[in-house]
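Fit chain X to the supplied structure of chain B, relying on the hints for placement.
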Amino acid sequence: ETGVTQSPTHLIKTRGQQVTLRCSSQSGHNTVSWYQQALGQGPQFIFQYYREEENGRGNFPPRFSGLQFPNYSSELNVNALELDDSALYLCASSFGWVFIDGYTFGSGTRLTVV
Amino acid sequence: GDSVTQMEGPVTLSEEAFLTINCTYTATGYPSLFWYVQYPGEGLQLLLKATKADDKGSNKGFEATYRKETTSFHLEKGSVQVSDSAVYFCALSPPGGGFKTIFGAGTRLFVKA
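From first to last, the protein sequence lines are chains B and X. To convert, note that position 58 of the first sequence is 58 in the numbering used here; the numbers rise steadily by one, no gaps. To convert, note that position 45 of the second sequence is 45 in the numbering used here; the numbers rise steadily by one, no gaps.
Chain B with its partners taken away, still in its complex shape:
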């Protein structure tokens, strides 16, 4: 079975720009969660999509938005980029939204805002 794949792996953007990050979930998984991991810190929950609808959201402003497609792949969009948005963005998939079994993570997209 394939794992979680994310693209691109690295990205450099200018403050104020917009960015779209992509994620393909593991085969058989229908839930995608996005996390932001700043340097030297643990991942922080951004939001989760279950069956194409946002199922929960962390403490992130509305300029962070997302989509989930019928094949359960997902996008994370960030508008009006700020320097503090520089981080590793991790996509995690699971089956269902009850996380007893844990996540499968992708390798992440490293976003640098200059």
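It is possible that some hints are incorrect.
[Said to hold, decoys possible] Where chain X lies over chain B, by a calculated footprint (3+ residues, C-beta under 8 Å):
| id | segment |
| --- | --- |
| 1 | 36-47 |
| 2 | 101-113 |
[Unchecked claim] The following residues of chain X were derived to be distant from chain B, with all beta-carbon distances above 12 Å:
| id | residue |
| --- | --- |
| 3 | S14 |
| 4 | T20 |
| 5 | N22 |
| 6 | T24 |
| 7 | T28 |
| 8 | D54 |
| 9 | S58 |
| 10 | R67 |
| 11 | K68 |
| 12 | S72 |
| 13 | G78 |
Hints in this document: simulated from the structure, not taken from any laboratory. From a predicted model like this one, the values you see are computed outputs, not experimental measurements. For every residue, glycine included, the Cβ atom is placed at its ideal position computed from N, Cα and C.
Chain X alone, transformed into the frame defined by chain B:
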């Protein structure tokens, strides 16, 4: 709110030494508890889990026991290898599941040959 606290790193050990990384949590009820590992340049990998009190999770020589009375889930390994060098994250998922997992800040482990 729910939270996870890990011992600060880095932890530096010689090969074959005993490893303990402390983790305590704050949560109502009985959350599920996890350890994830992150190797350089990679995402997180689930290392082990425990879903109820007194459960012991184990994988690749690593173990952790869910202690409700001390709200702890310490990670241990009897003999570390250079290949175990990574960042280790303790995490919890609220009782009954829920839509997010809460991670600790991570503990970096260096193992010297």
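Evaluated hints:
1. 36-47: Check passed, 6 qualifying residues.
2. 101-113: The restraint on the segment 101-113 of chain B holds, since 8 of its residues have a Cβ under 8 Å from chain X and three suffice.
3. S14: holds (24 Å)
4. T20: holds (19 Å)
5. N22: holds (15 Å)
6. T24: The claim stands: X/T24 keeps its Cβ more than 12 Å from every Cβ of chain B (closest is about 14 Å).
7. T28: holds (17 Å)
8. D54: With a cut-off of 12 Å, X/D54 remains clear of chain B, as the shortest Cβ separation is near 17 Å.
9. S58: The assertion about X/S58 holds, with a minimum of 14 Å to chain B.
10. R67: For X/R67, whose nearest Cβ neighbour in chain B is about 19 Å away, the distance exceeds 12 Å, so it holds.
11. K68: Non-interface label stands for X/K68: nearest chain B Cβ at 17 Å, farther than 12 Å.
12. S72: holds (17 Å)
13. G78: holds (24 Å)
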